[in-house]
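Trainee: Spelled out, the chains give:
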Amino acid sequence: MTVRIGVVVFPGSNCDRDTVHALVQAGAEPVELWHEEASLGGVAAVVLPGGFAYGDYLRAGVIARFSPVMRSVAQFAADGGLVLGICNGFQVLAEAGLVPGALLRNRDVRFLGREVSISAERLDTPFTHALDGAGPLRMPIAHGEGCYFADAATLDALEADGGVLFRYVDEAGNRAAEDDRAANPNGSLRAIAGVINAVGNVAGLMPHPERASEAILGSDDGAGIVRSLVESAAKAVGERRVTVALR
Amino acid sequence: MTVAERSVDLLHRRLGVTDEELGAIRDRLGGRDPNDLELAMFSVMWSEHCSYKSSKPLLKTLPTAGDGVVAGPGENAGVISIGDGQAVAFKIESHNHPSAVEPYQGAATGVGGILRDIFTMGARPIAVLDALRFGDPGDARTRHLIDGVVRGVGGYGNCVGVPTVGGELVFDPTYTGNPLVNVMAIGLLEERQLTLAAAPGPGNLVVLFGSTTGRDGIGGASVLASATFGDSDPSKRPSVQVGDPFAEKLLIEASLELIERGLVEGLQDLGAGGITCATSETADRAGTGIVVDLDAIPRREPDMEPFEVMISESQERMCAAVLPDRWEAVRDVCVRWGLPVAVIGRVTDDGDITVVEGGLDDDGRARAGAREIARMPAAALTSDAIIHERLATAPQHRRAAPAPGAPIDPSDRLPERGMDPGAVLLGLLGTANLSSRRAVFEQYDSTVGADTVAGPGRGAAVLRVKNTTKALVASTDGNQAVGALDPYLGAALSVAEATRNVAITGARPLGVTNCLNYGDPTRPEAFWQLSEGVRGLGDACRVLGLPVTGGNVSLYNESPDGPIAPTPVIGVVGLLEDIGRLVGPAFVTEGDPILLVGESTPGMSGSAYAALAGAAVEDGPPALDLAREVALQAFIREAISRELVASAQDVSGGGLAVALAEGAMWSGLGAQVRVPVATSPAVELFGESPSRLVLTARPRFAPALMLLALQHGLPIEELGVVGGDRLVIELIGAGATGASEERGSRIADALEVPIADLRHAWDHGLARALGWEG
Amino acid sequence: MSTHRYAVNVTPKPGILDPQGRAVEGSLDHLGISGVSGVRVGRRVELTVDAADETAARAIVERLAGELLANPLIEAFAIESIAGASSRTAAPDTAPPATAGERPA
Amino acid sequence: MSTHRYAVNVTPKPGILDPQGRAVEGSLDHLGISGVSGVRVGRRVELTVDAADETAARAIVERLAGELLANPLIEAFAIESIAGASSRTAAPDTAPPATAGERPA
Ligand SMILES: Nc1ncnc2c1ncn2[C@@H]1O[C@H](COP(=O)(O)OP(=O)(O)O)[C@@H](O)[C@H]1O
Ligand SMILES: [Mg+2]
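Chains as they are written, first to last, in my numbering: chain R, 1 to 247; chain B, 1 to 774; chain Y, 1 to 105; chain G, 1 to 105.
These are calculated hints, taken from the structure and not from any lab test. This one's a predicted model, so the numbers in the text were calculated from it and none came from an experiment. Every residue gets a Cβ at the ideal spot worked out from N, C-alpha and C, and that includes glycine. One thing to keep in mind: the hints can contain errors.
[What the hints assert, rightly or not] Here's a subset of chain G near chain Y, in silico, CB distances under 7 Å, partners left out:
hint: 1; residue: N9
hint: 2; residue: R40
hint: 3; residue: V41
hint: 4; residue: V45
[To be verified] Every beta carbon over 10 Å from chain G, so not counted as near; a handful from chain R, in silico:
hint: 5; residue: P136
hint: 6; residue: D151
hint: 7; residue: D220
With these hints in hand, go ahead and build the complete structure from the sequences.
Mentor: Okay, structure coming up:
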């Protein structure tokens, strides 16, 4: 049986269809979740896709955070449900406080669309377990506000607790310096490209794994992230059934 | 003459309507004078932009028929079948003047406008290509413009989620006072969803949805307000239109949902001429009329005058003809997407565009107490608009291409100057025109949609078609440098180059769209340039067997510095049946032989080399043999489909040396070649004569390739081999040493440059030229 | 009921990287301007509140600023009461509600 | 030499579409906020000027605002002199209305 994974559609989401395509390739059954509706339709995991939700006006992700669907996503996350935010989805998660930190304007102010290398800092999460851990992952970024920021204490805590999920790395696979414009193009603090919350069920990243999930697109390094999510969601379905039965 | 008539006389010229045109308007109104509102509506519809009053007779000469053409000129975009029930829609359009005034919003709304032309047809936009032209990159004004235009293209395209996958960026002093911002968009549709811009069925509702109507883009017509309605504050009438890509994204989704669910009978976007244009064009195409309920139009501002509502160019709006019993479903779709929507009129059978103030009743008739404030035949505004026969006069002096076999070009200056050809190559690679465009296209999202196989940067863009083995391949090209010398040749060369760029990936060009950027058509020389350009475009398309499915004409591209060089920008879309056979321009494997197909002819004028080193006065641009071009494209498609080719690049800007350098830089593999010099070293290394390819192949396929070329009647020779960490070009043959004693030895003519140096020059050239990098 | 117009000024918190401010500083040279420093770029949101009284109106704008207009992690805000005069400047460019969709008659 | 701190408030001109303002208004429902209208979103740029005197300082900031910070085709600006204090978070909300420097095109 294929696992049902929700893809939230905000007005202005523009990677929802790409995400749906990648989920189908990974054997899942994507379910589009409309921003005005509170119901998540019983999905096993939720993806907040990239784009410009509500135009990203005011501040990326901020208006989306107040939509009915996000109240349900917050509850779903609090109940232990798996949530992955990609690019704009990561910005929404950060604005909603579901993952720590904020995403600031890129260091050089301009929008940046290019391929980057990232490393998965942990391979034991629901979002990365299917990665083989060999070498950096190549995939595109496309954002104007992707500079990861948190205050020093939060950053230290993140590092200590394993909250850094992905980091920008140089071609050799070494962690990028904060001022390395080639490898860490948006200037993210400590080269953070993605984070995971303390419980380990909500994660966000700026790069786009769904655009790097087939060799024909130049890289299929992102497929491992999508696959991890799909497999974890399938497992979560089983677990939740057990939990319900025990109660 | 009555007072009322005199006031019209005062007004029409200020609205840009000539006395002759006013007479023609009277003819179409049965001899009466238009009232102010009608005059305003005529003035926008009879503008060059909406009426094509100067160019229509020329455009009629273009070939439009072709295999699989589903919709051609006259529709919002050309549509061509790609098989299996799918079709591709594409069109190019200009936003030159708005971008010169306000580069960010001008470019942004340019992207918005061309996208609407695509999804109006029922196609989902899948790609944008931006063809940009500016003056000297060192100029402060140019830098300001390019910064704004690039941010505007990105700001809009990135937000709506359509990848910008290609285009052009050309610098030429001819554009100093008048930049060109041409944008092409491509969409994909199920053929059965093709939707036309017509308003059929008297009794149907006319529905307006999308953004509300404000005073945007009223610009020149605001004289109406001051002349007629007293001195209202002119600052209330912004001529700059502001784009809202977020609204456009909602408009795309709502429009495609309406079409998919079969809820609309016809759909038209609102662009120039606003509601006036959308209603008159859709009525005229369907042979119907429309009565507009002025009060029903959702507005952004209070106290708008009727003419402001009728000609406003507020962005992100669409107009649909809807069966009355589908209105509620249409409304629900729009509301769900958060878009204002209203019934703003009815389709009638009287052939007129009528504007009513005071409301319509259920049957679409003016309510008691309502007033008809304008009425004119829809055709008078559109298909029956005035046509001007303009005078075309060739300038006194023009340079023609030197005849094949003409005496050796004296503009070869390399050895005479003691100049190292390697230094010339590095110079060329580092020029603003030939260096990497990365600094610009990195500001674009080129991968959203997850279809981009080859994005901007290295030749034609390639987009896979999901759930098929197919790919669409697209390119835009223009050649103002040659166009300035010979507008016919410039246009034909642009067609040859754009189609060749598509063909060398293995794709079959499907059709051509074009944006004709020229000067003031009332100047005989400018009109001659336009007519020569259209002739060149038509001839090239006929010989190549390609339909012109649409395009756009932008005239009056002039500034105090003078008119721009004639610049037809050609957009081509091709179909690659099997994406597994896609061939790119970068070398692939060490040891592969390098082959040159085609031969160089004399003529360096208009080349990148000439721009750098100067050209001899008596020299001309290289000749184009369209039959040779056809053979070349047929050859490369067959060679690729037989999987004989490892890499293919055409010889274009910067000549053979640059084509070889690109193959090396982009692969990291060097090359060792020997180039026979028939005419002169500069012509061989840096000449831009068309219809030539640099190919590499696995060694065992080389003989088959050579045979195939000969079967197509094409010269082909093996130049050398892929490998090493540098590009080495040796010049051999008679011309290498030549008659001149100072010419030196073969060694002096040789060129040897490490790949790292090529890359360095190429990577940084643009950013440096623009001052973005030290 | 009374009507009030406010401006909410949102600025990057001290210590937060402000690339836009830096970009402005970087272009001062080109403009031949010197003596300018400490540039911070933020947002200014002007709005009209209809509420029972001034206190209620201010409570609304406080909430809006704290929850929507500024992100407390990175931004600070200040609320300014602005004269009716400036509410004239800000013409009601507000779209009719997105649901406006009535069929005439 | 004296040191002055200013804020330049840049707002969309009347009649110019303000997509951001519209988006904010559209989101008020979700926040459960009513009674807010006429939202216009602009920029606020705060900066320090060192100049011979106040007049010279203001001339500099005028030039900067007109040439760089605002796009006179679509935006209006107003210059506000701010106390050193107001660069801290809570500006005195009794600040005088920002009237100075309003300049059409
Ligand atoms: N240079 C051209 N070549 C062929 N067709 C053209 C050219 N210029 C305009 N057209 C066609 O004329 C029609 C009207 O163009 P235009 O008014 O720009 O359309 P729209 O209003 O959709 O932007 C379109 O179908 C367009 O494709
Ligand atoms: Mg159109």
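Trainee: Using Cβ atoms and 10 Å as the threshold, tell me whether P136 (chain R) really stays out of contact range of chain G.
Mentor: holds, 37 Å
Trainee: Please settle this one: D220 (chain R) was flagged as non-interface, so is its CB more than 10 Å from every CB on chain G?
Mentor: holds, 36 Å
Trainee: For the restraint on V41 (chain G), tell me whether the closest CB of chain Y is nearer than 7 Å.
Mentor: Nearest chain Y Cβ about 5 Å off; hint holds.
Trainee: Should the label of D151 (chain R) as a non-interface residue stand, given a Cβ cut-off of 10 Å to chain G?
Mentor: holds, 16 Å
Trainee: Tell me if N9 (chain G) is really an interface residue toward chain Y, meaning its C-beta lies closer than 7 Å to one of theirs.
Mentor: The hint holds - N9 (chain G) has a Cβ within 7 Å of chain Y, the shortest such distance being about 5 Å.
Trainee: Is the shortest C-beta separation between R40 (chain G) and chain Y less than 7 Å?
Mentor: holds, 5 Å
Trainee: Tell me if V45 (chain G) is really an interface residue toward chain Y, meaning its C-beta lies closer than 7 Å to one of theirs.
Mentor: Check passed: Cβ of V45 (chain G) comes within 5 Å of chain Y, closer than 7 Å.
When the structure is compared with the earlier hints, no violation turns up for any of them.
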